[in-house]
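Chain residues, written in single-letter form:
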Amino acid sequence: MMLFRAGKTHPYPKNRIKLKKRVADGKVLKFVVKTVSFRGSSFVLKTVVLFFLVTCFPFTVNGENSGTKTHDAYVSSGLGDGRVLIPFLADDVTSSSICGLVYNGLTKVDKDLNVTGDLAERWEVSDDAREIIFYLKKDIRWHDGKPFTAKDVKFTYQAILDPSTACPYVSGYSDIIDVEEINENTVKFVYKEPYAPALLKLGMGIVPEHLFSREKDLRRSQYARKPIGTGPYRFVEWKSGEYMILEANEDHFVHPPYIRRYVYRIIPDQSVQFLELVSGGIDSMELNPYQFLYRSKTGEFNDRIEKYRYLSRSYTFVGYNLKDPILRDKRVRQALSYAINEEEIIDSVLLGQGETTTGPFMKDSPYYDHSARSYGYDAVKAAMLLREAGWSDMDGTGILSKDGVELRIVITTNQGSQVREDTATVIQGQWARLGIKTEIQVAAWSAFLNQFIDKRNFQAVILGWTVPPDPDIFAVWHSRSAGKGGLNFVSFSNESVDELIEKGRREFSGEVRTKIYREAHRLIAEEAPYTFLFTPYALPAVNRRIKGIDPAPAGIGYNFIDWHVNEQDVKYRF
Amino acid sequence: MKKYILKRLFMMVPMLFGISVIMFVIMHLAPGDPAGIRYGLNPEVSDTAREEFRSMYGLDKPVMVQYFMWLKRFVSLDFGRSLVDDRPVIEKVLAHLPATLLLQASSVLLIFFLAVPIGIISAVKKNSFFDRASTIFVFIGYAMPTFWLAILLVFVFSFKLGWLPVSGMRPWYVQYLGAWAQLKDLLAHLALPLAATAFGGLAALSRYSRSSMVEVMKENFIVTARAKGISEKRVILVHALGNALLPIVTILGLTLPVLISGSFIFETIFAWPGMGRLGYEAIMHYDYPVVMGVGVMATFLTLLGIFLSDMAYVLIDPRIRLEGRK
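These protein sequence lines are chains Y and D, in that order.
Quick note: the first sequence uses our numbering, first residue 1, plus one each step.
Quick note: the second sequence uses our numbering, first residue 1001, plus one each step.
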C-alpha cells in the first residue's frame, strides 16, 4: 500500500499499560504490557545493551537462563478451539497440545525422537518382552497438591481400556492384559505379546485417580474443561472460541518453567494471525511458505521475530489403488512415479519449502533407508516401463492406450487443501507429457472418505500421513489393515513386508528394529504402491524475546519449559 | 384480534416441526458422518473404536429413529449435547450468543440510524449530488466482497495505524483491566467488525427508505399540507416521514433472525467468538445436535420476526385490517 510508509506499525495498545486492580479476595492484580517501538533511540539503546549482554554473558545465548525467574507470558495461536482436555480422549491438535503442557506420561520423546522417561525414572523390559516395569520418580505432586503414585497410572490405563470410556486410541493398548501396582512408585504392565511401540504409547498423559474416579462420565465431567495434571503448566481459564490461559506450575518436578503464562489464542485465519504476529498481539504462529519467503523480509519483521524451519513429521503421497486393472501392474506404478518430478512440485507448490522422501519413515530417523529406490524424474525410464507394460500410442492421438483402452487416471483428493489440489494439477501436467490422460476430482472431506476411500472407489488419491515417532506401520501397510475400515486403502499386500512389520512390533532392540524397518522401506519403495512426493517444512515464527529455542527433529516445542525471556525484554509484567 | 394472534402463534408449531424434519433429513443426506470426520484416516483409531463412537451417539440407528430421539428430548427443552466436545448445546450457544448479539444489534442500530436518514434525504433531494453520491456509496458497500473489506480495515486501522486491535473480542488479559478500561477496550474491538458489517447492510435499507419516501412525497396529503402553509421542514419530518417509516419499521421485524445468525466470514477474520463460527464448524463437523439447536432457534426467530412484522403493520397503519374485516 503506497498510502502508508512501510515499516511504521504501532501495535495496539500503544504504550505501556500499567494496571492495578483489587480483586474480591483482597489480592491486587498488577499488569503491565510493554510494547516496543522501532523509531527512536530507545531501540538503538536496547540493541546495544542486548549486544553487550549477549557477548559478555554467553550463557544467555546458549539457552540457559541466567536466573531462575519465572515471568512474562507466551501467546501462541492456532486455527481451532480445543475440545476435551483429557489426554486419552483428546482427538484434535489443540486439545492434545494443551494436554501436553498440563499432563505428563510415563515416557516422552526427546529432541531426537528417542523415548525417554517423563514420570518414570527408568524401566525394565522382561526377557520375554511381555512385561515392562516402570520405576516412577518420587515427590511428584498433582496441581491440587496431592501426591502422584502408581495408583494414578493404574487408574488411567484402566479407564483407557474400559469399553464405557470409548477411548478412541484403545487399539494401541488392547494387548495389555494387566496393570499391576507393585508399590507406591512401581508399576508393571503385562502384555499378551511383546509390543515394542508400547514404550511410546505409554507416554499417554496420566490423570489423577483421586479426582477422576469420582466421575461417571469423563467426557462430561468438569475435568474435560478444567484439567488437573502433573505438568509444567496448570490450567487457569478457557473462554470458548477466544483463548485459553495456563500458568506455570511452581512445583513442577523437572523445574518450574521460566515463562509464567502460556496463552493460546484462537485466530481462525492465517493472514490475520500474521498481522497479529507482526503487531505483537501473538508471539508465535506457523507460517505458510508464502509468508515465510515473501512477507517476512522486512527489517521490521526480522527485528522482532525469528523464523525456524525443520522437517515436519508428515509426508504427502499419491496412493494407487492396487486393485485397479491399470494400476495393478507394478511397471505402470513405477513409470508413473518416474514421470512425476517431485522437485518441480516442491518448488511450485511449496515454494521450495520441503524435501523429497522415498518411504514411510522420517528422513532424519534411523529407520529411513537412503539407499531405497528413489523415483526421481526420469521421463525416459517412465516411457520405457510403460511400453514394456504394453502401453503405446498406436493411433497417434497422443494418449497411450492398450487393447483399445486409454491410459486414463483419475486423481481424487480432498477439498480444503490448496497444496494437494495444486499438487494434483502439477502432476496432471507432468503425466500429460508422457501421454497419460489425467482427470482431477476434488471432494469434500466427508464425501471423500465415505464415497471414495471407504468404498475403495478410486484410482489414485493424493493424501498425507503424519509419521509417529514409533516406526510401527501396521495400521497402514499390513495386509490385515486392508479390510473394511482399515487404513491400508490401497490394498497393499506383501508377505515379506507383513513379516517385517510383525517382527518389528515385537522387537525391543533399537538396532534390530532399525534393520527391520529399513528393509521394509526398501521393499515398499520397490513395489511403488505410493509415489512418495515430499515432506513439507514446518515454518514456525516466534517473537525474538523468547530465548532457548533449539530446532531438532522433534521440532521446537520439546523443551518449552526451558524457554525464557531476559529481564529487560519482558513484555507482560504481572 | 386476540383470536388472530393466538391462531398465528399456534400455526408456528407445525411449521417449526416441519422445518426441523427437513433440516434433520438434509443434514443426514450429506455423505459421511461425525465419526468419519473425527476419526477417518487416523491410524491410532481402529475401526471398532469408530463403530463404538457411532453407537454411543446413536448414529447407527435409522434416520427417522434418530429424529424422534431428538424430538423427544427437544420437547422437554433438552437440546442435547454436542458431538464434538460433549458440552450441552445450550451451553455452547449461550457462550457464543452474546458476542453475536452485541455485534449484530449494534450493526442493526447503526444501519438503521445511517440508512434511513440517507434514504430520506436522497428522496427529498432527488437526483441531487447527495442522492447520487450516496447511492454510489451504499452500492459500493453492497457489492464489495465482505472478507476483502474486513481484511482491508484490519490492515489499515490495526496494522498500519495501530488505532485499533487486530482481532478478537477481548484481550486475554481482560481481567486485569478496570471496568472503564474494559468498556473502552470492548468498543475498540467492536469498531472494525461493526464497520465491516454495517457497510454492507446500508444499501438495502437506504434504498428502501428512499423509495418509500419518494412514494409518500407524491401523495395528495403532502400537497394539502403545503397548501395549508405548513413549513417544509414540518411537512417532511412530521407528515411525510411518519408515513414513510411504516414499511421500514415492519421490515425491522424481519431482522430478528439476523441478530443471532452472525457471519462466518467476519467472525473468522476478526476472530470474533460468535454464532457464525459455531454454526459453520458444527456443520463441517457434522455436529448434528448443535446444528439442529442453532437451526431451530433461527427458525423460531424468523417465524417470530415475520409475525411481529405483520402485527406491527396492523397496529401502526390504520388502513390495514386483519382478514379483510369490513
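Do not rely on the hints blindly, as some may be mistaken.
[Stated by the list, open to error] For lysine to any residue, the following SDA-like pairs were computed, each having C-alpha atoms within a straight-line distance of at most 20 angstroms:
no., chain 1, residue 1, chain 2, residue 2
1, Y, LYS34, D, PRO1318
2, Y, LYS216, D, LYS1003
3, Y, LYS484, Y, PRO468
4, D, LYS1061, Y, SER296
5, Y, LYS216, D, ASP1086
6, Y, LYS108, Y, LYS455
7, Y, LYS455, D, GLY1032
8, Y, LYS239, D, LEU1190
[Unchecked claim] Okay, the calculated beta carbon distance ranges per label pair:
no., chain 1, residue 1, chain 2, residue 2, range
9, Y, ASP92, D, LEU1101, 21 to 29 angstroms
10, D, SER1128, Y, GLU306, 36 to 44 angstroms
11, D, PRO1117, Y, VAL410, 29 to 37 angstroms
12, D, ILE1090, Y, GLN158, 48 to 56 angstroms
13, D, PRO1062, Y, ARG408, 46 to 54 angstroms
14, Y, ILE182, D, LEU1101, 53 to 61 angstroms
15, D, MET1064, Y, PRO147, 37 to 45 angstroms
16, Y, GLY80, D, GLU1219, 42 to 50 angstroms
17, D, ILE1140, Y, THR298, 28 to 36 angstroms
FYI, nobody ran anything at the bench for these hints, they're computed from the structure.
We treat Cβ as the ideally placed atom computed from N, Cα and C, and that holds for glycine.
Status of each hint after checking the structure:
Taken as a hint, the LYS34 (chain Y) and PRO1318 (chain D) pair is broken in the structure, with Cα atoms around 63 angstroms apart against an allowance of 20 angstroms. Distance hint between LYS216 (chain Y) and LYS1003 (chain D) is unfulfilled; the C-alpha atoms sit about 50 angstroms from each other, more than 20 angstroms. As the CA atoms of LYS484 (chain Y) and PRO468 (chain Y) are separated by approximately 23 angstroms, the hinted pair breaks the 20 angstroms bound. At most 20 angstroms may separate the alpha-carbon atoms for a hinted pair to count; LYS1061 (chain D) and SER296 (chain Y) exceed this at roughly 52 angstroms.
Simply put, LYS216 (chain Y) and ASP1086 (chain D) have alpha-carbon atoms about 14 angstroms apart, close enough for the 20 angstroms limit, and the pair holds. Distance check on the hinted pair: LYS108 (chain Y) and LYS455 (chain Y) sit about 37 angstroms apart at the alpha-carbon level, beyond 20 angstroms; violated. Among the hinted pairs, LYS455 (chain Y) with GLY1032 (chain D) is consistent with the structure: their alpha-carbon atoms are about 12 angstroms apart, no more than 20 angstroms. Our distance criterion of 20 angstroms between C-alpha atoms is met by LYS239 (chain Y) and LEU1190 (chain D), whose separation comes to about 18 angstroms.
About 28 angstroms separates the C-beta atoms of ASP92 (chain Y) and LEU1101 (chain D), a value consistent with the hinted range of 21 to 29 angstroms. Under the hint 36 to 44 angstroms, the C-beta atoms of SER1128 (chain D) and GLU306 (chain Y), about 58 angstroms apart, miss the expected range. Checking the proposed 29 to 37 angstroms range against PRO1117 (chain D) and VAL410 (chain Y) shows it is violated: the Cβ atoms sit about 58 angstroms from each other. At about 33 angstroms, the beta-carbon gap between ILE1090 (chain D) and GLN158 (chain Y) misses the expected band of 48 to 56 angstroms.
For the hinted restraint 46 to 54 angstroms between PRO1062 (chain D) and ARG408 (chain Y), the CB-CB distance of approximately 39 angstroms leaves it violated. The supplied range of 53 to 61 angstroms is met by ILE182 (chain Y) and LEU1101 (chain D), whose beta-carbon atoms lie about 57 angstroms from each other. MET1064 (chain D) and PRO147 (chain Y) have their C-beta atoms about 53 angstroms apart, which leaves the hinted 37 to 45 angstroms range violated. Take GLY80 (chain Y) and GLU1219 (chain D): their Cβ atoms lie about 57 angstroms apart, and the range 42 to 50 angstroms is violated.
In this structure, ILE1140 (chain D) and THR298 (chain Y) meet the distance hint of 28 to 36 angstroms, their C-beta atoms being roughly 31 angstroms apart.
Going down the numbered hints, you'll see the structure goes against 1, 2, 3, 4, 6, 10, 11, 12, 13, 15, 16, while the others check out.
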